[in-house]
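Both chains are sitting in their own frames, so use the hints and assemble them into the complex.
Here the protein sequences come in this chain order: A and B.
For the first sequence, position 115 (counting from the first letter as 1) is numbered 115 according to UniProt numbering, and the numbering increases by one without interruption.
For the second sequence, position 4 (counting from the first letter as 1) is numbered 4 according to UniProt numbering, and the numbering increases by one without interruption.
In short, the hints are calculated from the structure, not lab data.
Just so we're clear, the structure is a prediction, and the values are computed from it rather than from any experiment.
Don't take each hint at face value.
What the hints assert, rightly or not - Okay, the calculated bits of chain B under chain A, using three or more residues with CB under 8 Å as the criterion: (1) 47-53; (2) 59-69; (3) 261-267; (4) 276-282.
To be verified - For lysine-lysine, the following DSS-like pairs were computed, each having C-alpha atoms within a straight-line distance of at most 27 Å: (5) B:Lys306 / A:Lys251; (6) A:Lys129 / A:Lys101; (7) B:Lys312 / A:Lys255.
For every residue, glycine included, the Cβ atom is placed at its ideal position computed from N, Cα and C.
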Amino acid sequence: MKRTTLAASAAVALAWASQANAQANELTLCWAAWDPANALVELSKDFEAQSGIRMKFEFVPWPNFADRILNELNSGGQLCDLLIGDSQWIGGAAENGWYVKLNDFFDAEGISMDDFAPATVYAYSTWPKGTPNYYALPAMGDANGWFYRKDWFNRDDIKAAYKEATGQDLREPQSQKELLQIAQFFQGREIDGKTVYGASIFTERGSEGITMGATGALYAWGFKYENTPGSYDMEGAVNSPEAVEALEFYKELYKTATPPGYDNAYMEQSLDAFKSGQVAMAMNWFAFFPGLYADPNTGGDKIDFFVNPPQNVAASTLGGQGISVVANTDNMDGALAYIKWFAQPDVQKKWWAAGGYSCHKAVLEDPNFVNTAPFAGDFLQAMAGVQDFWQEPAYAQLLLAMQARLHNYIVADQGTAKEALDGLIADWTEIFQDEGKL
Amino acid sequence: MPNPLEAAARATPAPLARRVRGLSDRAIAWIFVAPTILLLLAINIFPLIWTVRLSFTNYAANRPNREVEWVGLRNYSRILTDDGIWANMQTTAHFLVWTILLQVVLGFTLAWLINRKFRGNDLLTTLIVLPMMLSPAVVGNFWTFLYQPQIGLVNYAVELVTGIPASSFSMLGPGGLAKWSIIIVDTWMWTPFVMLICLAGLRSIPDYIYEAAEVDRASKWRQFWTITVPMVLPFLMLAVLFRGIENFKMFDMVVLLTGGGPGNETLLASIDLKREAFEKWRTGYSSAYAIILFVTVFGLASIYVKALNKVKER
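Pulled out of the complex, with its shape left as it was, chain B reads as follows (with noise of 0.2 Å):
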């Protein structure tokens, strides 16, 4: 019986063959991935590209009909020197740190409990990730009722342990707490994120090796310390730069909540930008603003991949 695929070649015409024969494996794999790249390209890159160059205009966006100057450096400079950017950078730094602090800690010890066998443990894992699946915006909408001086559960609580009159602060208000009630609304909304991913490190550390520390007498301190921690560090380490990058970004939940306010003290480097780019159409301007923040992000990444994937490879 003679092979298929030779009598499909002698079938083919003998031009058409000759040409199918001249592309290379790497010809056809690259015909297959140019779609994509060509995708990628417009939509990622060419608009990268873009910025970088209106980056160095005063274009604005909604004055077409103004001259778009080319201004070097200006924008960068302008940005770099404003003291009122570096407060934003400031400002995002602290819910950064904080957030990721606190996240880290709660939902690693959320999960090292939960990984325990114990009647109804699938229905708290359900309610607590439960603050997660909710949308931003509802959560800025109800912490706002929450936070709310006469009516809010919060200032009620407060009142009700510390005596302090519930109507007599706010915490979305001025006095310095704002800053930290946007920190406990995404404590609250992510950190059954962080638990589920601690949750899963901690499910794959293979039992045998517990059961070999138990023989060698050694402590549940120890246990800890020599194995769950190292063991579940990359998992900690990926919810880390999860957390990161998304909260370099939040916006919509402290628009919500405080509106960058009072002041500019909940007033995130995203919102700014926002603010700079689509309210005041400062196209040039936020483009520079964009692009330093890029930057920012993506060396800090790029060191943080680095420390993980050592971290990964001991």
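Bound conformation, chain A alone (with noise of 0.2 Å):
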């Protein structure tokens, strides 16, 4: 008998044993569902074989993404070791403690943010924004671009076509109003038999999608979210007459030159647009480029890639996200081994090739850089001039007030641009004044 007891406690302790092993041997890595996803799970094949440490994903559609993981940190819980965070979160994670500061530790391991594109160590690492307080790694660069169908703006019925109703050439649009011309031009068109639309843009309401898009449009007219950075003062800078323009503007591409039921469309929906041969256009984030020009029905020759066309200024939305530590991981060596490990210019390069976008200049700054995918220029030309919302620890009450506010006036017709403006005003001044910051 007792020799069973002794037996039977010696295998829990054992078992107990080697799963503390383990999990001391894992790492779990979250973020969002997507392509880039995939590609780093093969790029971390390298790191597991160096380090010994298994590697654990845990990816979450774009649409709960957020949810789902500020949940997680919110709760205190232990999903993930690393977290490829949206570029807002890192105002509230970094003063929530929810983000492992990595001063210390970039400094100990040589680890330099000069290495990394400004606007991306900017936008993704640090918080207060711009001082040298790190809270993540640049991961993947991103921005809001455009697709288009280059078989057909170069077919000679079609530029024919467009000459005659607009006097102009068929090309690449190089403003923001010349794509509305070509956008309306090819709405409702008849293409091998088939009708076609404009574009597809995004017009989501739940979580991000109108405001994501509807910013492209607003920054490329100027827009400005304070008069003074730091001040919070946005009246005459939310509402000035320019971002009034871009929002009649975006309503009106909507309204006239997206495909019929596109009242609810994000990332998913611009890429099923496309891809089923609908939209002569499209808005999406770079990081979906790899897996556009792969495709086999609309991909290869088929496609081309532009940045967003300025306005009164060149300027797209930023998107991307920096890798961080999880304050409460019970793996911080094997954490902070990998940021390690992912910072190496020869991993960079590695992760440019598989699909992933790298902001290290090792990466950016290879003069044959331009030429290693179709999109690789128009990419940089965007993070050269990529602004972000609001990161503050606010910013999802920020955020879903610009959803309701834009998609009220954009897609259900209330109200004017102006007025749309005027009440996202009021809704943030409450916001900050509840923060103590007003």
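Rendered as structure tokens:
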């Protein structure tokens, strides 16, 4: 009896010890479920081979990504050791102590933020913004860009019809207004016996879609969140005449140049519309461009890419993320080892080759970089002029207020652009007052 | 032969026997129900009290480091004076009233028709109740396809009947159709539930009452209004209560269909509450919002249950 008890106890202890050891030798990386995540899984096999640490991945679809992961962080969960979190989360994550501050680690390991593109360091790593307090390593550069049916644009009959209709040559749009003109030209046109439409754009209501889409126009018209950065002085900036014009433009684009029923569309719907041959142009994040180029039906020679066209200024909506160490990980050494491994120039080059968007200068400043992919040059151009949404701890409230105001005006036809932006200032003012910042 | 109970009592050591004899029936009953009561207090009453407390603060669950301030009635006054919240309440009321009305009319009619004996009755009943067996997530997704302007069956059917081009309107988009579209889906899904309850009511009416009415030469119409309706009414009212409570907290299906849009056109109070609580993380504010909704549902349900009891007593 005693021997049986002893054996059972030993087995339990052994199981417990091996489980604890397994936990110490594995890392869970959390990110959104999309094409680059699959590339990272492949890339991380090198890290597993070098370190002996087993990598696990938790990928959440974009519409639920913020909900799922922020709930996890809020509840003090230990699901993620490493997190590639959205850029807007960094303020809240830093102030709430969810992310590890990496300055000492960077200094000790000789990782310099000067080796990464400044716009990405500013957007993905620092809090307060622009200060040398780093909570993430720039991991995935991204911006909202455009792609189009090059085969249609090159067809003589279509070019002639466009010339006849507008008096201009059909080409990649050089301005937002030209983009609208081209989209309207294609809207409802018969191509190869099929009705096609102008453009697929972001109009989604629930998470961040319509804000990410409309800011592409707002930034191009020169939109600013504040008159003076850091002052929260929004009157005259958020509702400037340029901002009003940009919002009216986006509404016109939605009303006159998108497929029917396109009133709640984000990344997936945009990709579907393009891949199914419904639209001549589409907006989406650069992260999807490798997959689009590889698509057997609409990729290759049939597709080309362009940066968000300027209007008053050249600007694009920022996407992308940095990689952070979650503060309550039980494998801090392993998580930091992964960051150290990922920061190496050679790994960053492999990351770009695998389909990820490196932010490392060793990749971006390589003279041959623009030739490595048909969208590489556009990516560089976009990253030079990216602008991001508020990265405040209260960003979720700020974002949802903008979602509601924009969707009400653009899709639901309620009020004017000026009223929408005035209302947005009122919403944001209340939020900043609650935050004690006004 | 000695009584076994007496034998057991005699065999019980004296100190223990005294203790056991000291417990009354009521005490023993309490011992049995206490774990359940404690569990209920822990998972129902305590969170409710805690929510009331939070509703007077500016607490944000995602900001553990921020100082929690007592804000008095500010959350309540903000909610009750917010035009957006009142608009959401109206949207909820619109959804509630129309879904219940349609489900009662259609459910009762279906039950009345299916209550007759005919060939294939069982198969037809099974087919009719199929929608309510589906997950709301599945229903939301496939109705999104049915409502799709280019490939959706609904738009195609409308074009076939009216000649209005299918891709010229969107059932879930702008134009005022979205709030009716979600009513149609909910009615499609839950009318069978009302039908089943009505069917139970109809089948509980004894045949001899109708036979007596026949003897008295009461017309079918008169039998319907003086026998069928009054005797099914308590069942029907119960169905209305269930559907009312369910639809007041409707969330999943509408989120999948419209996400509350276009704009705020289908933003039901429950969707708005979820956004405030778990997307904006305004925990104090959303606690006040939840309390207001709870009091509303509780108040309305209490009045309704009293009315239901009166109908039953008749």
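Each hint, compared with the structure:
Only residues whose C-beta sits within less than 8 Å of a C-beta in chain A count toward coverage, and the segment 47-53 of chain B has 0 of them, not enough to reach three; the restraint is violated. With 5 residues carrying a beta carbon less than 8 Å from a beta carbon of chain A, the segment 59-69 of chain B meets the three-residue requirement, and the given coverage holds. Judged by the Cβ-Cβ criterion of 8 Å, the segment 261-267 of chain B is covered by chain A as claimed, because 5 of its residues qualify and three suffice. Against chain A, the segment 276-282 of chain B contributes 5 residues with a C-beta closer than 8 Å to a partner C-beta. That satisfies the three-residue criterion, and the hint holds.
For the proposed pair lysine 306 of chain B and lysine 251 of chain A, the alpha carbon gap of about 51 Å is over 27 Å, so the pair is violated. Between lysine 129 of chain A and lysine 101 of chain A the alpha-carbon distance is near 14 Å, which keeps this suggested pair within the 27 Å criterion. Restraint check for lysine 312 of chain B and lysine 255 of chain A: the C-alpha separation of about 55 Å exceeds 27 Å, so the hint is violated.
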